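Participant: In order, the protein sequence lines correspond to chains A and B. All letters in the first sequence, in the order written, are residues 0 to 563 by numbering that gives the first Met the number 0. All letters in the second sequence, in the order written, are residues 0 to 437 by numbering that gives the first Met the number 0.
Honestly, the hints are just simulated from the structure, not real lab data. Don't take every hint at face value.
To be verified - Covered stretches of chain A, as calculated for chain B (at least 3 residues, CB under 8 Å):
| no. | segment |
| --- | --- |
| 1 | 160-174 |
| 2 | 388-402 |
As the list claims (entries may be wrong) - One-sided and incomplete, this derived list gives chain A residues near chain B with beta-carbon spacing under 7 Å:
| no. | residue |
| --- | --- |
| 3 | D87 |
| 4 | A90 |
| 5 | A129 |
| 6 | I284 |
| 7 | K288 |
| 8 | V526 |
Claimed, not checked - Have a look at the derived ranges for each label pair, beta carbon to beta carbon:
| no. | chain 1 | residue 1 | chain 2 | residue 2 | range |
| --- | --- | --- | --- | --- | --- |
| 9 | B | F185 | A | I111 | 37 to 45 Å |
| 10 | A | D490 | B | D429 | 54 to 62 Å |
| 11 | B | M0 | A | D413 | 36 to 44 Å |
| 12 | A | R109 | B | S187 | 43 to 51 Å |
| 13 | A | L521 | B | D305 | 31 to 39 Å |
| 14 | A | L470 | B | D305 | 35 to 43 Å |
| 15 | A | L470 | B | M0 | 48 to 56 Å |
| 16 | A | R527 | B | M0 | 33 to 41 Å |
| 17 | A | I393 | B | D305 | 44 to 52 Å |
| 18 | A | Q489 | B | Q433 | 46 to 54 Å |
It should be emphasised that the depicted structure is a prediction, and the values quoted were computed from it without experimental measurement. Ideal Cβ positions, reconstructed from N, Cα and C, are used throughout, including at glycine.
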Amino acid sequence: MIIGLDVGGTHTDVVLVGENGLEKQIKVPTDTSALFHTVLTGLEKITENVPADEISHTVLSTTLTTNAIVQGKLSPAGMIVTSGPGIDPEAFRTSEHYFIVPGGIDHSGREIEKIDPEKVKAAAARLEKAGIRDIGVVGKFSARNPAHERQIAEAIGPRFEKVFLGHQISGNFGFPRRINTTFLNASVYPLHCQFFEAVKKSLKQKGITVPIHILKADGGTMGLDTSIDFPGQSILSGPAASVMGSVAFAPDYTETLVLDIGGTSTDMAVLIKGVPLLAPHGVDISGYKTLIRALNSHSIGIGGDSRVRVENGELKIGPDRTGPAMGYGGADPTPTDALFVLERSEGGDRRRAVQGIEPIAGQLGVSVEEAAYEIFDKTCREILAGAREMIENINSKPVYTVKEALEGYQVNPDHILVLGGPAAYFAEHFQNISGYTVDTVPECQVANAIGTALSRTTCEITLFADTQKGLVTAPEESFSQTVDLHFTRQDAHQMGTNLLKQKAVRLGAKTEDIETELLEDLEFNIVRGFRLMGKNIRVKQQIKPGLIHDFKNISKKIKEACAR
Amino acid sequence: MLKALNKTGLVFFPAFDWAISATHPEREERLLYTQDQVLEEGLFDIEGIREFKSDIVDIKDVQRVHFSYPDVWRVMTESHFISAGGAKTIANAVMEKSVDNGFALVRPPGHHAMRVVHGGRGFCNVNNEAIMIEHLRHTYGIDRVAIVDTDCHHGDGSQDIYWHDPDTLYISLHQDGRTIYPGSGFTSEVGGPNAAGTTLNIPLPPYTGESGFLYAINEVVLPVLDEFKPELIINSAGQDNHFSDPLTNMLFTAKGYADLTRLLKPDIVVLEGGYSIEGALPYVNIGIILALAGMDYSHVIEPGYDPEKLKQSESITQTVKQTCETVKANWAQREAIGRKMRGNQKFAERRRNIFYDTEGIYETQKETLKLCPDCSGTVKIDSTSDRGAHILAIHIPRKACSACRDLGRQWFESAKPADYDMICLQDRIDDTYQVKNK
Ligand SMILES: [Zn+2]
Ligand SMILES: [Zn+2]
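Next comes chain B alone, as it looks inside the complex (with noise of 0.2 Å):
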């Protein structure tokens, strides 16, 4: 009979009923031959694994992360509500110890999603994982945690929510953001002036194979968790690095995931990209919730599998080799980037563009981050999208000092209603989301 090694707890939520739009990469069909092959394979038949029903967030998990405009309600469909409770019931499972890890397979993914949301981009609306984590923090007072995210897309929304928070290690592994969407997460990103260094990017050329992706895990990624000692390590596993992706170039493969799944050892696993459907997915889902469990994999070869085809160039091999030592240089000297980013100056200000492709919206960020030496800083950000909407959005961080909470708060009072289309603050201290509208 067989028997999992490690109790593994899985949410399988492939919303059957559910898509951007009927031709759309996240469309309905996108998990239904993942699901035949989890129930041929009688997965949750296995002694130790175990399938649990996806819970539903509720506003308030989701105001914890977000600044939605122009409420959560018109940023979310019913399948948000339930894809980011799949992550929530996993993650509960491993804190109450009724699984030793998790891996909630849901769709729609989350990583591209911002902490302002005006709309969807790169196929997200709200951030899964950050809505999960955020929970964890609050409900189980959990406080260091690691993102490893192996999507083939930077993660540029878990970036951007975690971009300030020195508790938060978010490592990317990617395709270079030269070649593909969203054009971001290359090796000088690493984090804004409280947080240097948490923000690591690995960006991996176009054709990377196996070799360089577990070469990335070994010699950056698990050194860094080893020394940033998260109490969780959360991956975000986007299957889209696979060689037969559409969407992608890269020449990663189900063995490979399952590989760096039993290398990196997460506690809870979250579904990302991964568009093709009937070549990867399958196979990629079941080598990595069998790494999961402990169990044997070397039986899961993809259809197409050819080690010889699937061989990354010489060249590429030394271009990873170079990225890792860069982001390894990074992470050495954290401390000094974040003491020269920060100099003498009592804030810091950022500008930005953001695109939201689905919808196509515009947005226009001026971000300013109180920099203090007590805690990470409150953030503001006042936020223009080319609909009309002008809102300005406060974050009190949750381990924000009474200087800075004070600053958040009075920021919020003093902001004119006449001004913006919405006002609103984030506490993370009381964990309340207050709003003032026009």
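Okay, chain A solo, but in the shape it has when bound (with noise of 0.2 Å):
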């Protein structure tokens, strides 16, 4: 059985699946303020009278890091920085402790200027004196070569607990979000190792040695010894859990819209035959643009607590919500409210609902039913016009060949999921106004731990071979090989696989559940004088964010409960 836990903002779902489905789910209150308590509190409960060798492993959605960087509670780290032609690097600055010092590699990752270790010394020893105790070095271009951040690191020495280089946390290209993100890295590391010897801590106490995994912002998950190396990664993995929890129960065969639907907002994202797009670039986070893979996901302030109101004769939900509805004993009509007043939503109190919506009818000249239905209807189109919108961004990406210019792929589902709180009280209004199918996940109050609970580990791998310096490398992985001119793409994939298999693996991956893919795959000749000199070829694969091999029969056994 897998633990599944996944940290929200008012509440935390904790399950146990396994071969019959969901066997156990408990809630218990999120405390912001700690969430060690809330976490381990959560553990300590679904664990009680389950039997600990029935575990196979853990996998944790937590708000821990995110909250951290929203509140801008992120313990100071210095940062060293190299940089070379191109933009300023002081307009990345991300706080005092921020070095630059002289070295340069070029697009090509050619040295052109070297690194002085007296330069690095003297920025490690202010920064040392400044107290700081966590580290990160960047390099423009190191995710080419990483030289120079590794020359940085031996000249820095030992005198930092944790030091971050660039090129290990990314092997993409974009070196004011290198900067970002190895400068998260390093902000929220003390923190995420409190967090990682408290769990390891506790489960031990209760007998429960099992590998314990963490859930990335990419819908994959990653072992918690790897995550302290990479506790950046763990930054918003909650809208993560909810596409992932929605993956179990899609088609695989058509493209789906998954719509959860929550107090605040709805948060979007789209499967391709049932796997979750990726975002372009990264995790974007309180202005830190950063190079953290993450689920293509898109958020709008509307929800079933949104304040609905009157503005100009014109009906107005969202984006602000003062509390729950009134329905529920808050002070503004909200959606939910409507739901409340055409009874198609019960629970809450519909006399309160209808004195909320009352006003508003008034304000419109109609009943007080004929509001309610207006304020569930617009709620429905604004959600499904934010859909559209999101759905158009993914279409007017860029492309660089004449192939993809001309097929011009473009995503089109004709198919929702709809989760979270009030979704089933929305899905048969979405299939009217959209015209699409639509389905709700089961047990989608608890699909986000689901999801979590299932999640495979994922990763990714950078490979670039130029034969004409006969070199091939993955610096994310410390890897390089010389090789000769009659290195192949082929020859590349192959490398490529090994080196992600083995990198999946020691994330904590079972090879049942490896499945590789290609994302690019390129190869030009180098041509300098009008002779072809050698060639340069560039590969990025990865693991796709999934399920594990075994969630068809648990998310079957989930569905046919729900169906009983």
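Need the complex rebuilt from these two chains, each delivered in its own frame; the hints are there to steer you.
Facilitator: Written as structure tokens, this is what we have:
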């Protein structure tokens, strides 16, 4: 059995899934000021009366690092940066503890300015004096040639607790994003370590020594041990959890739009034949654009608790939320109140809901029922409009080859999966107004936790071969090897697949869950002076985000249980 | 957080799967390192800089500019449709005001493509800028446009297309035609009799450096633009003046290109040539983009940059100065020059030989222009290629008077299909293109 734990804004869901589907689910209130406590209580409760040897592993999706960043409660981290030609690296300053030192690598990985170890030592001494314990080191084009980052690390010596090197954090281009990502990793590191220790200790006390995985923003997992080197990867796993929760119930033959309707907002994502789309760059959080792999999700400020009012004779919904629905004791009318008035949903105080909608009906000059219907209809339509905008954005992504420009593949979902609190009440109306088929995710109150439990380990690797230089490298993996002029793209694929598999296993993947996919596959002739000198081959491969091998049985059981 | 002062749009279309041939300078690899640099700098993440997906031009866009033999499909590849489409996308974004200015980083280039197209010349098949400009005129009613061509090679195609158009100012700065392809672009080339002075050529001697280029911009280009008052300034931004370019002999730099862009303030920039794909393009393109966005580019210093070594000689400074004086004088006396060209004639004739280096085609042209006091005059081109194609191409300009329009139609009607392989009429008044085949 697998434990899945998802920390939400108001409560934390913990599930136990296994052969019989959803074996157990519990809910504990989320205490944002004491997240450790929340997580540990959740784990304690779910494992009560469960024999330790029946649990195979645990997957956690926490908001620990996310909250720390959003609330600006980061521990001070230092940065040492080298640049070379381009935008002034001062523009990417992360904090006062940011030092630019000489050094430069060009786009093809050639050294254009040497590292000056004395300058590096001087910067390190100042960081040390300022009491900085964790630092990041980032060079421009280090994803092409990491030599300078390594030389800097060497010059610094062992004076810091943890040194994050940019090229190990991401193999993708984007110097400012690499700086931000490395900085965030260093900044959340102490917090993540504390958490890591606490969870391990707590489970050990209960006699549970199974592997613990952490959910990432790309909907994949990594082992807790690995997460010490990549703590930033745990940022923004929340939206990924809900997408992965829907994957278990998505058809594998068509494109699906996933709508997770929450209290304040609705999160949306697209699944292509059951596989979630990745965001083109990475996570954006609190003004930090990063290289942290993430699912392509989009959020709009409309949810069940959005404040409803009339402005200039027009109905307005959200994006603010003042509290729960009036039917639950809140102060302002909400779409949830509209559901109570229309008797599409129960559980709230309909009388109070009617009181809330009455003034709106008055301003609109319609009956309370009509006003409630208008609110309900408009909520659905605005959510769908947000979804269309997201799809348009996905489809307007530039392409760089003639083939792609002419083929012009367009995402065009014809199926919607809804989840979240009020999901079921919206489903039918979505179908009526969109013309898509609409389904509700079973057990959608805990779908996030189920998604967390069932996610597989993901990772990616980037391989560059330059047969003119006779070198193939994968800087993220600290891999390099000499090759001759006969090295082909097929050889690169093979080498990439091997490296990817090794990496996945290192991160905690089971071999049956390793499904590799080519993300980028380019080959160029290197011509100098009208002569063919070699080939430039670029291959990017990933383990697709998806669910573990056993999920089909589990999701089938959950579906059956819901149908009963 | 970085923020652009000007909202700048970019279309990036490196055509990673298209080449003239495997080892040709115009090949897949050309914009690879530029893309690496653009991505690594994070340019698309800067607030105010926006990337657009390239559109594809349609056949009507092309027929508004070119006479293609045997037809548009045969002279263009898919990549040409997208490259011209990239320019069009950026132009639309500027016109719709979603950006203040924009840069189409596209390939293949276009400034050697003339009005009549029998094939590829100077790595170009169709003229991206002209297709874009005529689209803007048709769709947005733009009238006066200036093209400043800063490619190292004379843009003889753009010059040809706008030779008779007094509403399009074409200014080219390039390496002296006596020392480089295509061998044209001398100060004496000032446009046709009805448009004298709206073509200006500033040939620069080999080894001209930053100071020479910027002198010509400040002394000639900017004052002429001030007087011409275009609604749009287009920069045909070839990057082969760079000191590391393998096909040319100039000493220009990334910072120089950025300075030039800052001074020129173009609305739309379209990439032309530039074949130092590792040493120049990544840096020149970053410099141009930052300058367009109104951002600091002082750190864009390419490897090998040495202001002492890249300083132009005193004799070059003198030559550039003299050339600029000649060009200024031509501009000042443009009306007199036009009058003298026209004399008392009713028609002006011009005979030319044109070589298509990519495919080795020779074309001979006899061009007849109606000298009209009321409009820029209908043009008739009788063109023969050494492949045996004989075509008659008639162009009725956008603002033709009714007499000239009638003349154009009459030329088209009376031409005998038996005498030509193709007879075509480009009527810019009703935006039509008609073909009579044998
Ligand atoms: Zn050129
Ligand atoms: Zn006329």
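Participant: Would you mind marking each hint as holding or not holding in the structure?
Facilitator: Here is how each hint holds up against the structure:
1. A count of 3 residues in the segment 160-174 of chain A with a Cβ less than 8 Å from any Cβ of chain B is obtained; the coverage claim is therefore met, three being the minimum.
2. Interface restraint, the segment 388-402 of chain A with chain B: holds (8 residues with C-beta to C-beta distance below 8 Å; minimum three).
3. The interface hint given for A/D87 is met, as the beta carbon of that residue sits about 5 Å from the closest beta carbon of chain B, less than 7 Å.
4. Annotation: A/A90 was flagged as interfacial toward chain B, and the flag holds, the nearest CB pair being 5 Å apart, inside 7 Å.
5. The interface hint given for A/A129 is broken, as the beta carbon of that residue sits about 24 Å from the closest beta carbon of chain B, more than 7 Å.
6. The beta carbon of A/I284 is not positioned within 7 Å of any beta carbon in chain B (closest approach about 14 Å), and the interface hint is therefore violated.
7. A distance limit of 7 Å between C-beta atoms decides the matter here; for A/K288 the minimum to chain B is near 5 Å, and the interface restraint holds.
8. Here the hint on A/V526 is kept, as its CB sits about 5 Å from the closest CB of chain B, short of 7 Å.
9. As the Cβ distance of B/F185 to A/I111 is approximately 40 Å, the hint placing it in 37 to 45 Å holds.
10. At about 59 Å, the beta-carbon gap between A/D490 and B/D429 stays in the expected band of 54 to 62 Å.
11. A C-beta distance of roughly 39 Å is found between B/M0 and A/D413, which places it inside the suggested range of 36 to 44 Å.
12. In this structure, A/R109 and B/S187 meet the distance hint of 43 to 51 Å, their C-beta atoms being roughly 45 Å apart.
13. Distance hint for A/L521 and B/D305: a CB-CB separation of about 34 Å, consistent with the stated range 31 to 39 Å.
14. Remark: the range hint 35 to 43 Å for A/L470 to B/D305 is contradicted by a beta-carbon distance near 29 Å.
15. Between A/L470 and B/M0 the beta carbon distance is about 37 Å. The supplied range of 48 to 56 Å is therefore violated.
16. Take A/R527 and B/M0: their Cβ atoms lie about 39 Å apart, and the range 33 to 41 Å holds.
17. At roughly 46 Å, the beta-carbon separation of A/I393 and B/D305 lies within the given 44 to 52 Å, and the hint holds.
18. Judged by the Cβ atoms, the range 46 to 54 Å given for A/Q489 and B/Q433 holds: they are separated by roughly 52 Å.
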